[in-house]
Amino acid sequence: METLQLEVLTPSGPIYNGPAKSVTLPGEEGEFGVLPEHVALTTLLQAGVVDIQKENGVIESIVVNWGVVQISGNNVVVLVDGAVAIRGENEGDIARSIAEAQSLIKSIADSNAMLATVSARIESAAHNLL
Amino acid sequence: MANLKEIQRQIKSVSNTQKTTRAMKLVSTAKLRRAEELAKRSRLFAQKTNQVIAEIAGRIQCNKVGGIVNRCFIENDTPEMIDIIFVTADKGLCGGFNMQTIKAVKRLINEYKNKNVKIRIRGIGKKGIEFFNYNQVEMLDEVKNLSSAPDMQRAAEFMTRSINDFKEGIVDAVYIVYNGYKNVITQELHVNRILPANIGDYDCEATKNTTLELEAQDEEKMLDSLVTKYAEYNMYYALIDSVAAEHSARMQAMDAATNNAKEMVRSLKVSFNKARQEAITTELIEIISGVESMK
Chain A
1 METLQLEVLT PSGPIYNGPA KSVTLPGEEG EFGVLPEHVA LTTLLQAGVV
51 DIQKENGVIE SIVVNWGVVQ ISGNNVVVLV DGAVAIRGEN EGDIARSIAE
101 AQSLIKSIAD SNAMLATVSA RIESAAHNLL
Chain B
1 MANLKEIQRQ IKSVSNTQKT TRAMKLVSTA KLRRAEELAK RSRLFAQKTN
51 QVIAEIAGRI QCNKVGGIVN RCFIENDTPE MIDIIFVTAD KGLCGGFNMQ
101 TIKAVKRLIN EYKNKNVKIR IRGIGKKGIE FFNYNQVEML DEVKNLSSAP
151 DMQRAAEFMT RSINDFKEGI VDAVYIVYNG YKNVITQELH VNRILPANIG
201 DYDCEATKNT TLELEAQDEE KMLDSLVTKY AEYNMYYALI DSVAAEHSAR
251 MQAMDAATNN AKEMVRSLKV SFNKARQEAI TTELIEIISG VESMK
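Going down the list, the protein sequences come from chains A and B.
Okay, so the first sequence: first residue is 1 according to the working numbering, each after it adds one.
Okay, so the second sequence: first residue is 1 according to the working numbering, each after it adds one.
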């Protein structure tokens with residue numbers, strides 16, 4: 001099956017680089033999913049959660065605060081300002097990444113509604129991990 | 001003839017200095033490795049950002065009647081006011097590293113002064129700030145402790161003022177001057193014009209057959225936020241590149257100092273031995289002549 005080549009880059013280095021079955025992105029106009037053979041597209045992202053479905057079916061979540069995504073062919077490049085991946089070997093690590101993600105979102109959130117939505121998404125992403 | 005004790009004291013002092021410089025060199029080597037790694041990882045982001053910006057700006061340029069209107073992409077040959085941002089180190093002991101940047105800034109200032117352009121100087125790094133303060137050059141901003149610990153957030157905050165002033169038309173160009181890292185033994189001076197952004201030539205023909213959908217309702221809005229990020233990011237990159245260069249310069253300077261100290265100890269040892277031999281000879285002569293006189 002075809003896969004996407006996904007790159008998530010931050011100024012301090014890449015946070016994800018590899019194949020993915022699909023990816024869900026928090027676009028300015030709302031969340032949208034990208035599958036292989038997606039039409040060429042460039043758009044802005046808002047604060048939210050990027051869900052990456054990896055080749056083995058595992059979903060990895062990355063919290064971002066702002067970004068641009070460029071999709072061309074099967075290459076997806078996500079440029080973000082700040083990003084925190086929700087991952088970890090044990091509960092302690094995961095809890096730490098959740099806290100980091102939440103402080104990242106808090107630093108830019110302009111409305112409580114948005115903060116609440118993203119926080120809820122973070123919680124559910126973390127819940128899936130356990 | 002210098003006396004023995006004096007030479008011995010000097011040898012001790014020089015070898016102590018040598019120990020310090022060697023330690024500083026080792027510290028710089030370790031720090032350089034980290035800074036280099038950071039710069040390398042960060043470069044990927046720079047490439048992609050520039051690509052995306054060039055692509056969008058290029059497409060607007062090609063497809064829109066009248067070309068691009070965003071101020072951030074239009075060349076301005078007759079600027080009235082410019083911002084010069086310089087990055088130097090917070091610490092010295094790194095050879096000509098800071099001075100090179102300072103000289104470049106002075107050159108740039110003179111160049112624009114001759115054209116009657118108003119200049120605002122915004123400084124990062126203690127050494128450069130101290131220099132311009134001493135020479136009574138007025139500065140708009142002085143930021144210390146940023147160049148030794150680059151931070152995206154702080155770099156962005158610092159840059160915001162220039163970006164906003166540029167967008168509002170208060171300044172017509174923004175330059176960043178810094179000494180960057182080329183390889184372990186060379187630094188490269190960069191004088192970069194950040195705004196208006198230089199996107200290079202765009203090949204309109206090549207894109208005619210491909211489609212690119214811009215989802216954002218407003219291309220301008222997208223370009224605007226991209227350009228802001230682009231400028232902020234360039235500021236951040238200047239900082240990390242400068243840190244890497246600073247450490248490599250210091251490493252070199254300290255290496256040279258260590259070698260000098262080694263050389264100095266060697267020549268001091270020679271004169272110490274000479275003095276010691278002389279002392280022995282004198283003593284022997286004294287004894288022999290004493291014995292002779294008793295005969």
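Simulated from the structure, these hints should not be mistaken for lab results.
These figures come from a predicted structure and were not determined experimentally.
For every residue, glycine included, the Cβ atom is placed at its ideal position computed from N, Cα and C.
Misleading hints may appear alongside valid ones.
Straight-line C-alpha distance at most 20 Å; calculated SDA-like pairs for lysine to any residue [claimed, not checked]:
| no. | chain 1 | residue 1 | chain 2 | residue 2 |
| --- | --- | --- | --- | --- |
| 1 | B | 48 | A | 5 |
| 2 | B | 262 | B | 48 |
| 3 | B | 118 | B | 139 |
| 4 | B | 91 | B | 149 |
| 5 | A | 106 | B | 118 |
| 6 | B | 40 | A | 27 |
| 7 | B | 48 | A | 46 |
| 8 | A | 106 | B | 157 |
| 9 | B | 103 | B | 175 |
| 10 | A | 106 | B | 167 |
| 11 | B | 48 | A | 106 |
| 12 | A | 54 | A | 28 |
| 13 | B | 48 | A | 27 |
| 14 | B | 167 | B | 130 |
Per the computed footprint, the stretches of chain A lying under chain B, defined by three or more beta-carbons under 8 Å from a beta-carbon of chain B, are [what the hints assert, rightly or not]:
| no. | region |
| --- | --- |
| 15 | 77 to 83 |
| 16 | 114 to 121 |
Quick rundown of the hints versus the structure:
1. 48(B) <-> 5(A): Holds. Residue 48(B) to residue 5(A) sits at ~15 Å (cutoff 20 Å).
2. 262(B) <-> 48(B): Distance of about 48 Å is beyond 20 Å: violated.
3. 118(B) <-> 139(B): Distance of about 12 Å is within 20 Å: holds.
4. 91(B) <-> 149(B): The hint holds at about 12 Å.
5. 106(A) <-> 118(B): violated (40 Å)
6. 40(B) <-> 27(A): This hinted pair is violated, its Cα atoms lying about 29 Å apart.
7. 48(B) <-> 46(A): holds (19 Å)
8. 106(A) <-> 157(B): holds (17 Å)
9. 103(B) <-> 175(B): Status holds; Cα separation ~15 Å.
10. 106(A) <-> 167(B): At roughly 27 Å apart (the allowed maximum being 20 Å), residue 167(B) and residue 106(A) break the hint.
11. 48(B) <-> 106(A): violated (27 Å)
12. 54(A) <-> 28(A): violated (24 Å)
13. 48(B) <-> 27(A): At roughly 19 Å apart (the allowed maximum being 20 Å), residue 27(A) and residue 48(B) satisfy the hint.
14. 167(B) <-> 130(B): With Cα atoms ~30 Å apart, residue 167(B) and residue 130(B) exceed 20 Å; violated.
15. 77 to 83: holds (count 4)
16. 114 to 121: With 0 residues in contact (Cβ-Cβ under 8 Å with chain B), the coverage given for the region 114 to 121 of chain A is violated.
This entry does not satisfy hints 2, 5, 6, 10, 11, 12, 14 and 16, going by the numbered hints stated previously.
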